[in-house]
Structure formats: C-alpha cells, structure tokens
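S.K.: Keeping their order, the protein sequence lines are chains L and U.
Under the UniProt record's numbering, the residues of the first sequence are numbered 1 to 366, in order.
Under the UniProt record's numbering, the residues of the second sequence are numbered 1 to 366, in order.
You may find that some hints are simply not true.
Now the in silico label distances, taken between C-beta atoms and shown as ranges [claimed, not checked]:
#1 L:Gln66 - U:Asp170: 26 to 34 Å
#2 L:Asn172 - U:Glu352: 32 to 40 Å
#3 U:Ser349 - L:Gly32: 55 to 63 Å
#4 L:Glu221 - U:Lys43: 26 to 34 Å
#5 U:Gln350 - L:Gln48: 43 to 51 Å
#6 L:Glu163 - U:Gly68: 53 to 61 Å
#7 L:Arg101 - U:Ala344: 38 to 46 Å
#8 L:His297 - U:Gln41: 36 to 44 Å
#9 L:His297 - U:Val341: 40 to 48 Å
For the record, the hints were derived by calculation from the structure and aren't laboratory data.
Owing to the predicted nature of the structure, the values given are computational and were not obtained by experimental measurement.
The beta carbon of each residue, even a glycine, is placed where N, CA and C say it ideally should be.
There are 2 protein chains.
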Amino acid sequence: MQMYEDGLQRRNANYTPLTPVDFLVRASEVYGDKTAVLYGQVKRTWRQTFERCVRLSHALVQMGIQRGDTVAVMLPNIPEMVEAHFGIPMAGAVLNALNTRLGAEDILYMLSHGEARVLVIDTEYAAVAQAVAEALPDLKIIKIQDAFAVADDNVLAWARSYEDLIAQGDPNFPYQLPLDEWDAIALNYTSGTTGNPKGVVYSHRGAHLTATSNVLEWDMEKHPIYLWTLPMFHCNGWCFPWTIAARAGINVCIRRIDAKVIFDLIREHRVTHYSGAPIVHSILANAPDEWRAGIAHRVKATVAGAAPSSTVLAHMEAIGFELTHVYGLTEVYGPAAVCAVQDAWATLSQQERAVLNARQGVRFHL
Amino acid sequence: MQMYEDGLQRRNANYTPLTPVDFLVRASEVYGDKTAVLYGQVKRTWRQTFERCVRLSHALVQMGIQRGDTVAVMLPNIPEMVEAHFGIPMAGAVLNALNTRLGAEDILYMLSHGEARVLVIDTEYAAVAQAVAEALPDLKIIKIQDAFAVADDNVLAWARSYEDLIAQGDPNFPYQLPLDEWDAIALNYTSGTTGNPKGVVYSHRGAHLTATSNVLEWDMEKHPIYLWTLPMFHCNGWCFPWTIAARAGINVCIRRIDAKVIFDLIREHRVTHYSGAPIVHSILANAPDEWRAGIAHRVKATVAGAAPSSTVLAHMEAIGFELTHVYGLTEVYGPAAVCAVQDAWATLSQQERAVLNARQGVRFHL
Numbered sequence: 001m002q003m004y005e006d007g008l009q010r011r012n013a014n015y016t017p018l019t020p021v022d023f024l025v026r027a028s029e030v031y032g033d034k035t036a037v038l039y040g041q042v043k044r045t046w047r048q049t050f051e052r053c054v055r056l057s058h059a060l061v062q063m064g065i066q067r068g069d070t071v072a073v074m075l076p077n078i079p080e081m082v083e084a085h086f087g088i089p090m091a092g093a094v095l096n097a098l099n100t101r102l103g104a105e106d107i108l109y110m111l112s113h114g115e116a117r118v119l120v121i122d123t124e125y126a127a128v129a130q131a132v133a134e135a136l137p138d139l140k141i142i143k144i145q146d147a148f149a150v151a152d153d154n155v156l157a158w159a160r161s162y163e164d165l166i167a168q169g170d171p172n173f174p175y176q177l178p179l180d181e182w183d184a185i186a187l188n189y190t191s192g193t194t195g196n197p198k199g200v201v202y203s204h205r206g207a208h209l210t211a212t213s214n215v216l217e218w219d220m221e222k223h224p225i226y227l228w229t230l231p232m233f234h235c236n237g238w239c240f241p242w243t244i245a246a247r248a249g250i251n252v253c254i255r256r257i258d259a260k261v262i263f264d265l266i267r268e269h270r271v272t273h274y275s276g277a278p279i280v281h282s283i284l285a286n287a288p289d290e291w292r293a294g295i296a297h298r299v300k301a302t303v304a305g306a307a308p309s310s311t312v313l314a315h316m317e318a319i320g321f322e323l324t325h326v327y328g329l330t331e332v333y334g335p336a337a338v339c340a341v342q343d344a345w346a347t348l349s350q351q352e353r354a355v356l357n358a359r360q361g362v363r364f365h366l
Numbered sequence: 001m002q003m004y005e006d007g008l009q010r011r012n013a014n015y016t017p018l019t020p021v022d023f024l025v026r027a028s029e030v031y032g033d034k035t036a037v038l039y040g041q042v043k044r045t046w047r048q049t050f051e052r053c054v055r056l057s058h059a060l061v062q063m064g065i066q067r068g069d070t071v072a073v074m075l076p077n078i079p080e081m082v083e084a085h086f087g088i089p090m091a092g093a094v095l096n097a098l099n100t101r102l103g104a105e106d107i108l109y110m111l112s113h114g115e116a117r118v119l120v121i122d123t124e125y126a127a128v129a130q131a132v133a134e135a136l137p138d139l140k141i142i143k144i145q146d147a148f149a150v151a152d153d154n155v156l157a158w159a160r161s162y163e164d165l166i167a168q169g170d171p172n173f174p175y176q177l178p179l180d181e182w183d184a185i186a187l188n189y190t191s192g193t194t195g196n197p198k199g200v201v202y203s204h205r206g207a208h209l210t211a212t213s214n215v216l217e218w219d220m221e222k223h224p225i226y227l228w229t230l231p232m233f234h235c236n237g238w239c240f241p242w243t244i245a246a247r248a249g250i251n252v253c254i255r256r257i258d259a260k261v262i263f264d265l266i267r268e269h270r271v272t273h274y275s276g277a278p279i280v281h282s283i284l285a286n287a288p289d290e291w292r293a294g295i296a297h298r299v300k301a302t303v304a305g306a307a308p309s310s311t312v313l314a315h316m317e318a319i320g321f322e323l324t325h326v327y328g329l330t331e332v333y334g335p336a337a338v339c340a341v342q343d344a345w346a347t348l349s350q351q352e353r354a355v356l357n358a359r360q361g362v363r364f365h366l
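Modelling step: build the complete structure from the supplied sequences, incorporating the hints.
M.R.: Printed below as a string of structure tokens:
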C-alpha cells in the first residue's frame, strides 16, 4: 500500500498545525469559568484571560506588528507574563522573554540582535527602559505598572500603558494561528557563557510537544494549581505557561522569591505543583518549621540544573513534598531528561533513595 | 524576525518524526522490567515485548515485506495483537486489523482492497483462513495457536506458526522508524453501512497524538493497568495499545467478553482502566453483586458510541466505577469528543449528573 511518493505532499487542507495557542482557546471554550490566574487581588478565569490575550494581539497588530516580528518582554512572574505567552503569538509575532536580572547593555544587545519592534516592560526596570528608549528610538515601549512593583506611578510617564492597550484591543479580533507548526513562537537567549548570548528559536510545534510532555512526565491531572517560582523568562518557564493552559490549571503568580510568601501561597491556594532551581528548594527546605504549619496536602515539585543535594531531597521528602529531578537546556525548550523513579527503590532507605533521585537518568516522553 | 520563506523547508536533519513506535522503545529503555502484558499464564515485561516486536519486524522483512506493504491481522485481544501494533510498523509496514466478527466474503474484500501481503490469524478463525488461502494464493498466512482458542491444534497445519517466526527473528534487527511522520501506520475499514467498507489510513503522527490525548483526557497516570474489553481491531482500540506503551502500563488481555471474567480480572490485577461500548458497561452494571465482591479500588472506564442510559451511568457510579463518555469514529482514530465534567455538577443529584454525563460535549485535547 504505497500511498505517496513524497512525504511532504501528504499534508492536506485539513492539516492543523500544532500550537500551544490552541490550549488557551480550548481552556476558554471548555473550562471558561475556571480560574486561570491568581495574583494578589487579581483573579481571572480562562475566558477572561483568553479575551485579554485576543485584545493584546489586536493591540499589537494595530501598533504595526506583522507576522514574524519580535515582541520582547521584561517582566516578573505576573499575570501579564502569562498573557504574553499567548497574546504575542496570537498577533503572529515571536515572544522574546528577557532575563529580568540583566542590565541595559545585555538587554540592548538582545533587543538589537533579535530585531524587537516592541518591548513590554515592568516599571521596576525603568532604568533599563530609559536606556533602551534612548538607544533604540524606533522600538515601541509598553509599560506595566504592577501594584506590587517598587517603582512609583510616575516613572516611564512617556510610555504607553499595557492596560490602556488591552482596553482598546478588540475582543473579537481574528487572532492569528501559525501558518506552519514550525513557525517561531519564541526567541530565548542563552546566558552567553562562551561569548555573546545565542538566540534560540522555539517553534509552535516544539512548544506544544514540550508542554504536553511536562504533563506526562509529572502525571499532572487536569486543573493543577501551579505556583510560579520558576522565572517565565527562563526557557519560557520550561513551557509551563502553555502546560498550565493545556490542563486548564491555575497560575499562582508571584513577583519575587520569598520562602514565607511561598509557603503562605501554597497553604492559601492549595498549590499542587511548582518548579525551581536547587536554590529555591534549599530555601524552602531550610525555612522555619512554623512557616510550613497547616500544609498537609501533597505538593509535587521539579528541580532542575545541578543535582540537588541528597540532604535537600531527603528534607523535602520529610515535609511531604515530592521532588522530581529533571535536566535540560535552553536549546531543548527546558527539561529533556528526567529521573524516572523505579519500583525497586521503594524498599531503600530515604538516604539511598535521595542519592538515586538526584540523577536525571532518562529522556523525556516527547 | 522573518526566518524562513517557506514553512516546508524548516525541518532539518534533526527532525524526529512523531511515531508511537517510540513509546515502546522508551518503555523498554526506561521501564524495561515492568509488566507489559498479562494473559493467563503469559506475563511479559516491556523489554521482552520490545524484543518480540523487533523479532516480528525482522521475520516480516525476511518474508519479503517492504516499506508501505500491508500486513493484516485477524486476532482477538491477545498479547500478539498488542505486538502487532508495534512489530508490523517496525517492519515499515501498515497494520490492517480486521473485525473478527466478519465472514470470509468481507475479509476477502478488505484483504484484496488493502493489498495485504501477509495475514496473521488466530486458529479460531480457521474457516476464514482456509477461504482466504484458496482465493488469494499469494497471500502469506501466519497462524496463532492460542491456548484459549476453541480450535484444535491441527487446524491450519499448513500455515506458518507465529511463535516459530518470533523464535527465528533477530532481536538485534535494525527495525524501521517512519521516514516521515505522515507515513501510514494503520489501515482500518469502516463498517460499510453505505456500501463497501471504506479504508481509513492512520498516520504515525495521528496515532502518536491520539495516544497522548487519551492520557490527557483521562488523567491517566504512569503505569495504568488496562483491561482490554475494547476490541483492538476497532480503530486500533482507540489507539490504546500505543497509549498503554506511552504510559508503560499493563495490557490485561482477554479473549472474549464475559462479565464474571472481567470482574475477576479487575479484582486479581487491580485493573485501573477499561473502555467499551455501552453494552459492555450494561453487562457489568447488571451483573450479580457477588461477582463484584472484593473490588474496592477506583476503576475508571470510558464509554463510547451511543449515549449510555442514565440508569447505566448511575449504576456504575454507585459501584464506584468512574465513567467518562466519549464519542468518535474510525476516521478520527477513535474518540474525538468528550464529556468534560464541570465543577458545578458536583452539587447535582446522581440522576441529574447521569444526564449530563451522557453528553459528549467538547473536543479532545490534541
């Protein structure tokens, strides 16, 4: 049954590109009333989040953004950062999430190299925004004035306001889906250890598959409550903004890492999952016991990067947090290898298990 | 950041086609010692199952099977049917699973139309095999003599034995992966309500995505224990042979539907999941209470096709079986729409919930 001569001709008009944008569309369609984002007094459903993303995409197109253009963001883990992961691609554009710890020189290099046409920036990074505005006069700058930012309300008075753009955007705008699933959805820069940072381009297809693999490796049921301890600017938060939409879960946003705040949010919102570098878990493992009081539910966490110490692993297990060790890099959308726990480990001591759990071992499902 | 002119040129040498064959490879690599198949006295691990599939692919190539050839099977839900879903594609061939309820005339139509080069058939269908051998002398026939088949050992004495082929196959054979993810993995015939049955071709990509969607819609954790009450010949068992490999779960095989046997297997193996038409669930809902004695764990089931009666749904809920209603068709790899349970239903009566649970509602994650 030789049906085709050339594989590339097999796609027909019904071919639907894989894209994580569809996760948002479906979450809004199927679970529209469920909570999508929690942050301070902000609580929005998936339907509301979808609408804001459509408005954002329209606003960007109105500003002249065309398919394939780069839109950069420099934001902490606030609700607008979740929106950027959908609204920017829905304008046909490529999301370039910038490391909020970098100074103006590095940021300027990335904005220039990535040919960004728009920068969405939190007022806390006003100094960078000012430097960028002077060096790149053609770049359009949108400011986000977050209630918990340290900057006062008058900084970047000259910049457009994100909320104004959202208010002006058309909620019925025919947002863009990729023409091809290999189209770029994101541009991420490496840390530049060996010279200038390198730009890594993520495709809609790759983002879709990695987001789904996160669910599979973590046995993540529908409607997880995910705490954003991992920066979304880092490999797009390992694709978790898209994963949480795929599961119609809750993004519990958090502006900066603070052990007491983390435990308070875990308790208040019954957080089920979070991710982080070893240092995040160390901070939690070493926090005073009373901060953890009242948290009895199971919390699943992933740790990536250097192997966490067996002490930290043992400590997390002792407080009922289930830690999975993963490893990855910018070039592969975040985690790509995982420590797959084996049945035989159940009979080992906690110390022996911790040593085994500190290995990543095997490739992800993809 | 316009990076490409033409989407089709973006795949590079590193492009890895999506294929469910990789689920078997990974299950063998990562969870090689875990049980893959249970059937009477037969118990095989994922490593053993992988090896048998490699041997099968080699045996088929030795018989002259080439990339794109059709290999038909007419088998009940026995371990060899699971192997067929991997070993045949691993020979580069297309699996044509035939409805075991059909007679020689229909089977001959499908074998001719699908240009099958090999037929693997259970000795219970010896009459069909004889008719096929006479009508299609060039078709190579492989028999499976299952311990629980009603046929005696001497039927089809002239046909090659499946176990002999497995024994002769090379476990180190370099099995085939698809050259392109749109390559065919399976050929399934519709029931032919409006004329001759229509052949529906499944791609490796579609099978991969549907198998994964099954996990997502069902919140199926790793290592499920899946009872094969759904015929694998029917839309490739809704792609569940591939789903169970993706989860490194256990295929609990069963030769024919019998309510007492089903409850015994659920109890003995602590089955976590099964699927079936409404009639299967009706049989279970109406079985004597004592058959269910000793089953206290949660069992998740999917029901497809016509909406199950609210009586059956209420009855299943009462015995602790969690029923999800799905709908699909051959052309879309099995289920494509699902009843997505909404939070607000929790406050309704069992009767009201049953009415809502009988609707399929919304599209699958894909």
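S.K.: Determine for every hint whether it applies to the structure shown.
M.R.: Here is how each hint holds up against the structure:
no.	hint	result
1	L:Gln66 - U:Asp170: 26 to 34 Å	55 Å, violated
2	L:Asn172 - U:Glu352: 32 to 40 Å	34 Å, holds
3	U:Ser349 - L:Gly32: 55 to 63 Å	25 Å, violated
4	L:Glu221 - U:Lys43: 26 to 34 Å	29 Å, holds
5	U:Gln350 - L:Gln48: 43 to 51 Å	32 Å, violated
6	L:Glu163 - U:Gly68: 53 to 61 Å	57 Å, holds
7	L:Arg101 - U:Ala344: 38 to 46 Å	43 Å, holds
8	L:His297 - U:Gln41: 36 to 44 Å	43 Å, holds
9	L:His297 - U:Val341: 40 to 48 Å	21 Å, violated
Taken one by one, the earlier hints fail for this structure at numbers 1, 3, 5 and 9, listed in ascending order.
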